[in-house]
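S.K.: Given next are the chains, with one letter for each unit.
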Amino acid sequence: MLETEGKLQAELARGIEGLQAVGNVESLEAWKQEFLGKSSLVMQTYGSMAKLAKEERPVIGKAVNQLKVGLEAALAEKEEGIKTASQQETFTKETLDVTLPGRKPRRGRIHPLHLTLRQIYKIFADMGFQIYRSPEVETDDFNFTFLNIPPYHPARDMWDTFYTDKEGVVLRTHTSPGQVRVMRERAPENIRVILPGTTMRYEQLTARSEIEFIQVELLVVGKGITFADMRGTLNDFARRTFGENARTRLRPSFFPFTEPSAEMDVQCFVCGGEGCGVCKGTGWLEILGCGMVHPTVLRYGGYDPEVYSGFAAGMGIDRSTLMRYHIDDIRHFRNNDIRFLEQF
Amino acid sequence: MKAPLSWIKDYINLDGIGIEELANILTNVGLEVESVQLVGVEKPEGKLKNKYFGLPWDKEKFVVAEVVEVNQHPNADRLSLCELNDGMGIVTVLTGAPNMFPHLGKGRLEQPLKVAYAREGSMLYDGHQPGQVVTKLKKTTIRGVESRSMICSEKELGISEEHEGVIELDADAPVGMPLVDYMGDVVYEVAILPNMARDASILGIARELSAALGRPLRLPEEPTLEKGGAIEEKIGLEVKNTELNPRFMLGMVEGTQARKSPYWVQRRLSLAGMRPIDALVDATNYTMLEIGQPLHAFDYDLLRERAGGKPTIITRTAHEGEKIALLDGSEPQLDTQMELVTDTVGPLSIAGVMGGGETGVHAETRNLLIESANWNFINLRKTLSKTRINSEAAYRFSRDVHPELAETALSLCLKRVQEWGGGEVVQGVLDDYGKPYVDTVNRISAQNIAEVLGQEISLEESIGILERLGFTCWIEGNELVAKSPATRTDIETGIIGQRNLIEEISRVYGYERIAAKRLSDELPPQLGNPDLEAEERIRDILVSIGLQDTLAYRQTSPEREARLFIGRKAPAGLAYVRLKNPITPERTVMRRSAMATMLELLEYNTKFRPGLALFELGPVFLPVADEILPHEALRLSIGLTGAWDVASWDRPQSKAMDFFDLKGVVEALLDGLHLEGVRFQATAHPSFHPGKCAEVRVGEEILGVMGELHPQVRKNYAFGQDPVLVAEFDGEALVRLSNAVFTNKAISSYPAMVEDIALIVDESVPAEDLEALIWQAGGKLLVDVKLFDVYRDARLGESKKSLAYQLTYQAFDRTLNDKDALNIRNRIVKQTKNTFGAVLRSS
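Chains Z and W supply the protein sequences, listed in that same order.
Everything in the first sequence is counted per this note's numbering, starting at 1 for the first residue and increasing by one.
Everything in the second sequence is counted per this note's numbering, starting at 1001 for the first residue and increasing by one.
Warning: the hint list may mix true and false statements.
DSS-like cross-link-like pairs, simulated, lysine-lysine; straight-line CA separation at most 27 Å [to be verified]:
no.	chain 1	residue 1	chain 2	residue 2
1	W	LYS1517	W	LYS1663
2	Z	LYS38	Z	LYS83
3	W	LYS1382	Z	LYS166
4	W	LYS1517	Z	LYS223
5	W	LYS1049	Z	LYS280
6	W	LYS1569	Z	LYS166
7	W	LYS1655	Z	LYS280
8	W	LYS1780	Z	LYS104
9	Z	LYS104	W	LYS1663
10	W	LYS1240	W	LYS1435
11	W	LYS1240	W	LYS1260
12	Z	LYS68	Z	LYS78
13	W	LYS1780	W	LYS1833
14	Z	LYS104	W	LYS1655
15	Z	LYS78	Z	LYS38
16	W	LYS1002	Z	LYS280
17	W	LYS1043	Z	LYS280
18	Z	LYS122	W	LYS1517
19	Z	LYS166	W	LYS1043
20	Z	LYS280	W	LYS1047
21	W	LYS1692	W	LYS1569
22	W	LYS1415	W	LYS1386
23	W	LYS1580	Z	LYS166
Here are a few chain Z residues that face chain W, going by a calculated C-beta distance under 8 Å [as the list claims (entries may be wrong)]:
no.	residue
24	ASP157
25	VAL169
26	ASN190
27	LEU205
28	PHE213
29	SER253
30	PRO295
These are calculated hints, taken from the structure and not from any lab test.
Note that the Cβ used here is the ideal one computed from N, Cα and C, for glycine as well.
Take these sequences, add in the hints, and give me the full structure.
M.R.: Encoded structure:
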């Protein structure tokens, strides 16, 4: 009996030792056959239990159980080890160079000038301004005369105009004709609108000047609207556009459709007023023209200037978009070179 | 307008105001300073807001000197050697200046020549190079004579482009004085706003500064003119039309000479951008720059010769077929609208624009007749729009000059001709002032001002500002009464006149001093803008699919749009909005076709990327009979070509896009806009492949057309091999039919059953119709139909196709069983058989 016990104990030691040499699934299988298979000592011993003497059975039974539990525990540990190792090997094989470029999906973009327009719409919508659009091909009356620019007036020199072959029809040189159109539609209601759109001027086509460009104009008409209201509204717009600390200044200017008229500059957002290439060293950027609506324009719009007053302001968004993104050529906007558009 | 500081200072004391500060003051009153030219003066220190250019003259190196003797260079005929006193001693200076030759070899000069002298090491502009190239004056040897220093021309000092000779300073210039102290200057180039033409003069600018600074204005001394007198013996005057010529004055100087003006006059003219000519012409130009009234000078003897006796000046409109050769050599076409100055023989000048060459001042002029007139500016502008002549006179007259200035100018000019050219002023002047100008009077209260500005400005402060601008003011009750100055024609009356005054007061008061407030009036009714919102939704949907938004030029040419058609032959009679003055032959009309724009965008970009997916939303311009303005119709164009996928390093470029890629994009868009009842229908279109073209409709309305470009049309463009796919939609219809609000379908929580069926039908059966019938037959339990295969084979029969669909059945209240599925399928098979003769294909 002692002899059998000893054999079983030795088998455990032999099994554990044999397991150390096992390194893969195949040798593990062979080991399983040898120590836990049909002809293994464990199974043989179980098979011969019936032949043992009655008093020997519990002793040998316990010993063989211990052997089996011991072998199985060692096997489980080994199996876990082999599994981890082989998974590790797979991971190594599957490892990517994560610095390779990703596969680009096709991405669409909004045109940069439309982006700027949307930003302006949003800011003015928050202040209660609605959007009003009017024709790009206009009558001379709406483009000039109703804006207090009668034929042969010196102020006509301010715009280089495209004329059509139809007498009295021009390509609008500014979005201002919309002022009189919206007034005629809404009189005598108060008005707070922005007038966005494409305008056209007879100019050289260069990196800095275009024949077609987008303007946004604003118009406020009501009772008791003042220059101070204009300043406040435009300051709010500048702060929303250029940052909370944006500084502005107003200079006298001239537009036939406003009186008094002014030009608003904003402190250069690139250099913070220190002077740089964008602001040509002056620290200021011209962003819009503005003024109190001229009594003649109010009259043409159907408002009595003795009762109503208003202000208007206009800006070209091509130029501000150029500055915002440091774009070198204004013609990119309408040439639609994909290499340009893709950057937005 | 270029304004030399030294000249401005004649009329106002500017002590204590720095160069930069003055520029800012000018800008703040509405005379925007575009640049500041430093003439010998150092650039101011500190942070500068203005643009500066120019050259400082080192006080040690640039001085006033005098040439005492001029000798011939031993080895060069065209060079002279000047003995020069620079205040420290006598030096020999070499020069090639032609104006030194007359003094050559005359020994010691009786009257030494005062010059601007630069010592060795001076930094100055190279006189021999175009433009302004700074160079350092170094020792050289020219033909064996050493040269270390230089007598300067205007070009070398940055005063003008003049390099023909050296500057001859006025005789009283103090020898040895640093040149910058003697004649250093600052020139402000200011932009003149159209309503401030009165400031196209040095005095006008000084008047603005007077108002802004609260310092008095010193007006030039102006001898009083006597009307009539001896001059009536010399010349006659007749004004035919007072409306066109409100005032005409003549004055005369006898025995004068067209000699050089004093150098300070020449320098001021140069710095102001006008070329000095001679004392007589300079006097007219100087006076024009000084007060803003243009003048014209005639050689009196030539007029007398023409008339064969006492000449008479007649102002009138041109006769049919009249001609004149102008000073600049041009011969513009005259017509009966144009106002002329003539004599009994014919035209002498185009009134207020330019004089004729025949009767102008020349080197031998002795007796000078000076015209100082006023012209109707509207009529003059009509003349200019036809003749396209630019002149300093026309610039000012076309912006309306006050007739009162004619008299001031004549008085000042006569005085100057006599001072600078010599001679005697003939007693008296002729003056036909047929239409005296009435200066406006306006009344304004402090409340009027506050109502416009939102800022209180006292009447006292307002009066101060207006008086400094030349208004005559007094108080009546609580109102300020202001009579406009006799220099301005831009102040109207009534509410507009009040506004004019408020503008004057506020700009000088300072816009920066007006408080900023938030709008506090009642908000107008808040209307939505559904059209614009729908347009933005179209952009967002297409961008979300992966298409690029673009922005089109409105201007194109019919030739460019004709490329849409085979052989570039557009249908006859397409009406365009045509430009009268196109900027280029490439852009002569407003576009009619968004598709033409899209094809150009695709063509331009195809060389940059292997695949393109673009869209553009914008107007086309369609003339409408009997309407003044064209219909600006909104169009959406979509263009695809090449591969949809962007190639990557481990995945080959996918196939080029075809009709169904475009259709997929269109379907996704229409789906996103929640359009209902959309149908695609094969159609014919001149630009598209006859078998690959569809129109998109909702009911009877055609929303757009789409397809693959016709191979013959394709030849009109530089495309590669890939199909070019384009769609063009009526944007207004898309906007109108789109639904911002729609009914969201519920999602069932019961499992769905999926099964496939294949139906064999005739080729002629449109897939769309078959699918519509499947939906109809399937009833409400059929929730999805997907075509997944189209199969053609001889075994199916002649002209047959098999369409395989994946059908999904689902209920909202229970799990469906096989029997339900069988029922639905049977209905579908039966109805498609009855309608289209469809046969269920056994798998």
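S.K.: Now tell me, hint by hint, if it's right for this structure.
M.R.: For each hint, the structure was consulted:
For the hint linking LYS1517(W) to LYS1663(W), the alpha-carbon distance of about 54 Å lies beyond 27 Å, and the restraint is violated. With a C-alpha separation of about 25 Å, the suggested pair LYS38(Z) and LYS83(Z) falls inside the 27 Å cut-off, and the hint holds. As the CA atoms of LYS1382(W) and LYS166(Z) are separated by approximately 20 Å, the hinted pair is consistent with the 27 Å bound. A C-alpha spacing of about 15 Å is found between LYS1517(W) and LYS223(Z), which places the hinted pair at or below 27 Å, so the restraint holds.
Of the supplied pair hints, the one linking LYS1049(W) and LYS280(Z) holds, its CA atoms being roughly 9 Å apart against a limit of 27 Å. Restraint check for LYS1569(W) and LYS166(Z): satisfied, since their Cα atoms lie roughly 25 Å apart, inside the 27 Å limit. Note on LYS1655(W) and LYS280(Z): the hinted pairing is violated, with a Cα-Cα distance of about 50 Å set against a maximum of 27 Å. Among the hinted pairs, LYS1780(W) with LYS104(Z) is inconsistent with the structure: their alpha-carbon atoms are about 41 Å apart, more than 27 Å.
About 23 Å separates the Cα atoms of LYS104(Z) and LYS1663(W), which keeps this hinted pair within 27 Å; it holds. Of the supplied pair hints, the one linking LYS1240(W) and LYS1435(W) holds, its CA atoms being roughly 12 Å apart against a limit of 27 Å. For the proposed pair LYS1240(W) and LYS1260(W), the alpha carbon gap of about 37 Å is over 27 Å, so the pair is violated. Proposed proximity of LYS68(Z) and LYS78(Z) is supported: the alpha carbons are some 15 Å apart, at most 27 Å.
Among the hinted pairs, LYS1780(W) with LYS1833(W) is consistent with the structure: their alpha-carbon atoms are about 20 Å apart, no more than 27 Å. In summary, the hint linking LYS104(Z) to LYS1655(W) is supported, as the alpha carbons are separated by about 16 Å, within the 27 Å threshold. Taking the CA atoms of LYS78(Z) and LYS38(Z), the gap is about 21 Å. The hint holds against a cut of 27 Å. Taking the CA atoms of LYS1002(W) and LYS280(Z), the gap is about 21 Å. The hint holds against a cut of 27 Å.
A C-alpha spacing of about 17 Å is found between LYS1043(W) and LYS280(Z), which places the hinted pair at or below 27 Å, so the restraint holds. For the suggested pair LYS122(Z) and LYS1517(W), the alpha carbons sit about 21 Å apart, so the restraint of at most 27 Å is met. This hinted pair does not check out: LYS166(Z) and LYS1043(W) have alpha carbons roughly 54 Å apart, beyond 27 Å. Restraint check: the Cα-Cα separation between LYS280(Z) and LYS1047(W) comes to about 13 Å, which is no more than 27 Å; the hinted pair holds.
Taking the CA atoms of LYS1692(W) and LYS1569(W), the gap is near 21 Å; set against the 27 Å cutoff, the hint holds. Annotation: proposed proximity of LYS1415(W) to LYS1386(W) is violated, straight-line Cα distance about 36 Å (limit 27 Å). A hinted pair counts as satisfied when its Cα atoms are at most 27 Å apart, and LYS1580(W) with LYS166(Z) qualifies at roughly 8 Å. The interface hint given for ASP157(Z) holds, since its Cβ lies 6 Å from the closest Cβ of chain W, which is under the 8 Å cut-off.
Because the beta carbon of VAL169(Z) sits about 6 Å from the nearest beta carbon in chain W, less than 8 Å, this interface hint is met. With a least beta-carbon distance of about 4 Å to chain W, the hint placing ASN190(Z) at the interface is held under the 8 Å criterion. Interface hint status for LEU205(Z): upheld, as the beta-carbon distance to the closest one in chain W is roughly 7 Å, under 8 Å. Because the closest C-beta pair between PHE213(Z) and chain W is about 10 Å apart, greater than 8 Å, the hint is violated.
Checking SER253(Z) against chain W: minimum C-beta separation of about 7 Å stays under 8 Å; hint holds. The beta carbon of PRO295(Z) is positioned within 8 Å of a beta carbon in chain W (closest approach about 5 Å), and the interface hint is therefore held.
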